[in-house]
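**Student:** Sequence:
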Amino acid sequence: MSSKKNKGFKIVPYRPEHEQALLEIERMSPQGFMVKLEIVRSEFLSRAALFEDYIAFVAVDAQDKVLAGVTAAQAPIRVNGALQQTGFGFDVLVDPAVRNRGIGQDLATCLRKRFFEPKGLTRQFTTLRAGNLTMLHLISKSYRKTFLYEFLYLTFPTARTMRVENAAIGEPIFSVSLLSDSDRLSDYYEVTDSGLGLWHTHQIYQLKVKSVSPVLSGGLWLGNRFVRTNKYVPLVGSVLKTTTIYNLTQDNIHTLPEVSLQLYKQGINYMQICCQPSDAVYHALQKSALNAFSHYIVSTKELKPDEPLTLDVRCL
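Following full-length UniProt numbering, the residues of the sequence shown are numbered contiguously, the last one being 316.
These are calculated hints, taken from the structure and not from any lab test.
Take these hints with a grain of salt, some might be off.
[To be verified] With a straight-line cut-off of 20 Å between C-alpha atoms, the simulated DMTMM-like cross-links for lysine to aspartate or glutamate are:
id	residue 1	residue 2
1	K301	E190
2	K208	D64
3	K7	E43
4	K241	D64
5	K7	D61
6	K119	E150
7	K10	E38
8	K265	E302
9	K65	E117
10	K241	E43
11	K208	D61
12	K241	E302
13	K145	D187
14	K36	E117
15	K145	E302
16	K36	E26
The structure presented is a predicted model; accordingly, all values stated were derived computationally and were not measured.
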């Protein structure tokens, strides 16, 4: 059943015939500033299908042309030791030609009213890159109150030797794990003998370098936060294949150089680790990181930075 027409568009449930148009919109919407990255994947629902319960909606015009799309899932999160089921919204795509018409806001409202609230998912969240003011503005218009929780993506090129400066990190307050035991996920991860988890993000999507700012020639690949270490910039046209690390602890952090080398031998050229800004994990690894991109969890309920929080790796 479609939603009521509004401003020349309507919102309908996702159907397979929307697939190619959504992927084309994604291709036209590269991420990043100094380095623009294009998401490469074969299916729009590649991330959504990793969850046990998910949904997708599409905005179309009067001629049924696809203008935008969004997906959402019921996702577990562990807050202060307690496992909770939450509503996770992600993969918001709006055709650049029709932005600023309220389509994104209506899609967010649709998710809330037709998926999150009927399932009783009172905590709803998304993750987005710091500096994505457009999405922050959209969320603030769709919800009366939101809270920000900052974390970092550390990126490591596996072609370079990785160092762990100090293995005595203690128990991180912010951590990443796989909070599902579904057999459907067995092809996407592996766990090393030390308990370190490897989530093969490259099997879900990859990133293609669309353009690199001339400012970076001979310089650094910078984010909102950055690490002045590696003068390494990806080439235009190159494809970034990434594995995301989870279940990182004081007992297995010393195995990361070995894991990085193994990934390199498998043709995986990047590894990423998420941590809190300036925590012990950051200080142990930042000298080997290519960059440190600041991100936010944007939540409808407060997440205190001093309370233990575990994010599901599927939400990254």
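**Student:** For each hint given before, does the structure comply? Return the numbers of the non-compliant ones in rising order.
**Tutor:** 1, 2, 3, 4, 6, 7, 8, 9, 11, 12, 13 and 14
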